[in-house]
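If you want the building blocks of each chain, they are given just below.
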Amino acid sequence: MANLWQKLTYHKGNGWWNLPHTASQEPNPPFEGPIGGAWLSNFWRTITHGGVSHAGPGFYWLVGLFLGVITLLEVWLFNVQGLGGLYIPTLLGLSTLKFVGVVAFFMHLRFDGRLFTYIFTASMSIGIGMFTLVLLLQQFGNQVR
Amino acid sequence: MWVFLGSDVMFFGAFIATYLVYRGRSLNGPYPSEILDIPVTTVSTFVLLMSSLAMVLGLHYLREGEKNKATLWILGVVVLGSVFMAFQFVEFREFAHEGLTPRTNIFGTTFFILTGIHGAHVTIGVIWMAFLAYSSHRGKLRADNSLDLEIAGLYWHFVDIVWIVIFTVIYLISANDGPPPGAELLHG
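Protein sequences appear in the order of chains P and U. If you count by the working numbering, then the first sequence holds residues 1 to 145, one letter each, in order. If you count by the working numbering, then the second sequence holds residues 1 to 188, one letter each, in order.
Think of the hints as simulated: they come from the structure by calculation, not from any bench. Misleading hints may appear alongside valid ones.
[To be verified] Covered by chain U, per the in silico footprint, the following chain P stretches (three or more residues, Cβ under 8 Å):
1) 63-75
2) 92-102
3) 128-138
We put the CB at the ideal spot given by N, CA and C, even for glycine.
One chain only, chain P, in its complex shape (with noise of 0.2 Å):
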């Protein structure tokens, strides 16, 4: 469990969300891919730039495509209509899922400091927190009127 955790967590475990400390200090790993474990890690290397100090362009290209193909998804769950009420929730995953690529890996926020990703994480979880509570008082509103 704790070999687990380290994984997904942990940036000498080599995880998911492995952010280096510093950008200066552990720019990235040699040879770790942009994703995921070892195993995936050797696939990256093969399709990115040697899986050094970012990513190469081989794997921007595929966030390109990825985010595209999104894109194209959220159109055509538009058109089908067919999610009933959970159509804004899926809208609104995808979307997340877009600007999480965007941010992850255009911004290089991954391979970036840890304090550029707390201020950035910080300055979104307030806005969000505070529209959110703007929305919900204005809804709370109308339904007293």
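Using the hints, position chain U against chain P.
Positioned in the frame of chain P, the structure of chain U alone reads:
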């Protein structure tokens, strides 16, 4: 730049929240269901997403010291950003032609302010990228000062992620919004 982006998150968040607060409250048309063109906006969204890809490839090649490829990809960002702006210009003109302006109704006000401010961000980004493409071409932007491009890239990608949210919230989620209940009573 990350601190600036953090503040810009709040800035855009305020406008997106305002749009959502007033969503479906326009008492007169045109309503989103009558005017939003999803296929066209999908293409412009794709263009903006691909400009982010061009941006990251430009940075990659600059760091590798491949000047010509870097310049080409940065120019690609300029071109794709300009195409996106052209799409937005045509969309705004079309909306105005169909009677939707910022003064028409609450949808028009919140829509034009949000997308207009985003468009202003894109315009600034395109000008910035054009300068960087020129610098790269002249050899003034190199691997050793690639941080300049990385910072500009952060700004550009941020503009992209804001559009990801706008596209979902305004275009896909609100596209079927018609008049609110009871609006027809006002118009007899």
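- [ ] Enumerate the violated hints, using their earlier numbering and listing them in ascending order.
- [x] Violated: none.
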